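Participant: With chain A fixed as given, assemble chain B onto it according to the hints.
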Amino acid sequence: MNDPAPAPAGKVIPVVPVVEDALYEVRKRIYPRSVSGAFATWRWILVWFTQILFYGLCWLDWNGRQAVLFHLVERKFYIFGWVFWPQDVFFLALILIISAFALFLFTAVAGRLWCGYACPQTVYTEIFMWIEEKIEGDRSKRMKLDEQPMSARKFRIKATKQFAWIAFALWTGFTFVGYFTPVRELTQSIASWSLGPWETFWIFFYGFATYGNAGYMREQVCKYMCPYARFQGVMFDPDTLIITYDAERGDPRGARNKKLDYKSAGLGDCVDCGICVQVCPTGIDIRKGLQYECIGCAACIDACDQVMDKMNYPKGLIRYSTEHAIKEHWGKKEIIAHLMRPRTFIYTGILGIVVAGFIYGLTTRIPLRVDVIRDRASLAREVEDGKIENVFRLQVMNTAEETRRFALGVSGLSGIELGSDAVVEVPAATTKGVVVRVLAPGDAGKTGSNPIFFEIKAINHEEVFVREKTTFLLP
Amino acid sequence: MSSAEEAFHSMQRLIQVLWPSFIVAGLAEVAFFTLIDPQELYLLGEPVHFSTLATYSIGFFGFWAICITSSWATCFFQRRASEINGLPDGGEVSGDRQSGCA
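So the sequence lines, in the order shown, correspond to chains A and B.
Here the first sequence is numbered in the numbering used here, starting from 4 and rising by one per residue.
Here the second sequence is numbered in the numbering used here, starting from 9 and rising by one per residue.
Please keep in mind that the hints were generated in silico from the structure rather than gathered at the bench.
Heads up, a few of these hints could be off.
What the hints assert, rightly or not - Derived CB-CB ranges, DEER-like:
#1 B:38 x A:313: 50 to 56 Å
#2 B:69 x A:349: 38 to 44 Å
#3 A:51 x B:34: 26 to 32 Å
#4 B:34 x A:428: 36 to 42 Å
#5 A:51 x B:31: 24 to 30 Å
#6 A:362 x B:85: 25 to 31 Å
#7 A:101 x B:47: 29 to 35 Å
#8 A:59 x B:84: 44 to 50 Å
#9 B:42 x A:362: 20 to 26 Å
#10 A:229 x B:44: 27 to 33 Å
#11 A:362 x B:59: 32 to 38 Å
#12 A:398 x B:19: 20 to 26 Å
Here the structure is a predicted model, which means the values were calculated and not measured.
The beta carbon of each residue, even a glycine, is placed where N, CA and C say it ideally should be.
Chain A on its own, in the form it takes in the complex (with noise of 0.2 Å):
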């Protein structure tokens, strides 16, 4: 990113809001100013983490499949060597247990990390700001291309940006799409002219709604329309971490002559530049105080800390701080050591338990799930040597990316046995039904409904082994 202009020391940058027709509301147009420094950097690295993680992470391959697929059709999800069902709704369950707690935590320590620098409406953004600002030029560039009339200078550079914008959104449009359709299939199909109806439907979804939030919707998102920033409020504590001006050291602001002793005169360390409300992605004067808008993405104290570096005051008039640490004039070890308080507890303890919980759930899984179905159409029937028959239908989920052999076993009742196959083959992460005859003595329980048991036993691995319950009726 470009480097902000130096900020002109004694002279004030007016702030001239532009109001334009909006999707919400009334707005005035924000042209954020773009910025470097330390937070500007983090912003990037994640950036590029996410959506390296996000375009690659479609391509990589895995026991010779998509390594992470949401297969919608088949209604399986792959994610590298597991397999989850439909009945592991509780594994999704509790992921999202995870998340929302690991969200509170975050937001309790150190503010809105998330919208700051890995939400997805904040990622695209930067992402389609920076197309912008290659393309049409800095903010004050960008802010007179605006007011000019259309030409064919104005239409040239518009273009561009639209056509990059709408590449960029329809690459992904297809990349989320490739997660829930294997990717490589639909590729082949984009080539061969042959993509379905509702693929390319999602893709045009999908790519639309990226256009629409990242190009021009961008902090009004954020403002109106996120749930978790109605919220998030509720996670702070004066012990949490949040961009705040010190406006006890920064104030009375104003412009200032630097070789003059400015307190002396009465001022504070801001000079009233305005260049943090023009980095500002959501528009807001950090000044002000804590304002629900502000996404917690540091664009203010980058900007600040060059503005103090210019005129050779100490960084830090607008930094990450604490309401305690503000009017209790704390350094980082009184708020490091105010972290460990009831709430942080709390969250960390739940996290743990449910992150300890879901491991184990998931360690300790089977690869085979088993259905016992009794066959309505015959309840029980006399066969040879006055035995009694029952027919069962078993559905042998084998969640295992191999094939397995099952051995199938019956207990429960004196002399109960099989009469027919005792070892069922089923492919890899496939559900196969088999119907199973039951025989027993008739004298072996009560006339009526007897509990009897199905052991299925994956051969070779003696660990993958299910009980099931069902029930034998003799007449």
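Facilitator: For chain B alone, coordinates are given in the frame of chain A:
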């Protein structure tokens, strides 16, 4: 209200109806199709013969339509007596409901 402001308010209202219903429809879609296999659905007594992806998509838009109706009804019932009677508002700020949600 100027006509420009009215246009903004209609847009705001439109998004207030469309957006929350979109979120809830997404949740309903996930919950419903996690529990129910689209291949096991019946439509007017006949097994559903659409492709799985088509069933999911139609399901989503069905949920969205239902949620839109609900959000719209919420907005509809928030209208004040003066608005229903068609009387001039007198420029009062309403205290009992969000402005622009009519």
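Participant: Each hint should be assessed against the structure and marked as holding or not.
Facilitator: So, going through the hints one by one against the coordinates:
The supplied range of 50 to 56 Å is met by residue 38 (chain B) and residue 313 (chain A), whose beta-carbon atoms lie about 52 Å from each other. At roughly 41 Å, the beta carbons of residue 69 (chain B) and residue 349 (chain A) sit within the given window of 38 to 44 Å. Separated by about 28 Å at the C-beta atoms, residue 51 (chain A) and residue 34 (chain B) satisfy the suggested range of 26 to 32 Å. Distance hint check: the CB atoms of residue 34 (chain B) and residue 428 (chain A) are about 40 Å apart, consistent with the given range 36 to 42 Å.
Between residue 51 (chain A) and residue 31 (chain B) the Cβ separation comes to about 29 Å, which falls inside the hinted range of 24 to 30 Å. Evaluation of the 25 to 31 Å hint for residue 362 (chain A) and residue 85 (chain B) yields a failure: the beta carbon distance comes to about 48 Å. Taken as a hint, the range 29 to 35 Å holds for the pair residue 101 (chain A) and residue 47 (chain B), whose Cβ atoms sit roughly 31 Å apart. For residue 59 (chain A) paired with residue 84 (chain B), a C-beta distance near 47 Å keeps the hint of 44 to 50 Å intact.
A C-beta distance of roughly 22 Å is found between residue 42 (chain B) and residue 362 (chain A), which places it inside the suggested range of 20 to 26 Å. Between residue 229 (chain A) and residue 44 (chain B) the CB atoms are about 30 Å apart, so this pair conforms to the stated range of 27 to 33 Å. A beta carbon spacing of about 37 Å between residue 362 (chain A) and residue 59 (chain B) agrees with the range 32 to 38 Å that was offered as a hint. The given range of 20 to 26 Å is broken by residue 398 (chain A) and residue 19 (chain B), whose C-beta atoms sit roughly 52 Å from each other.
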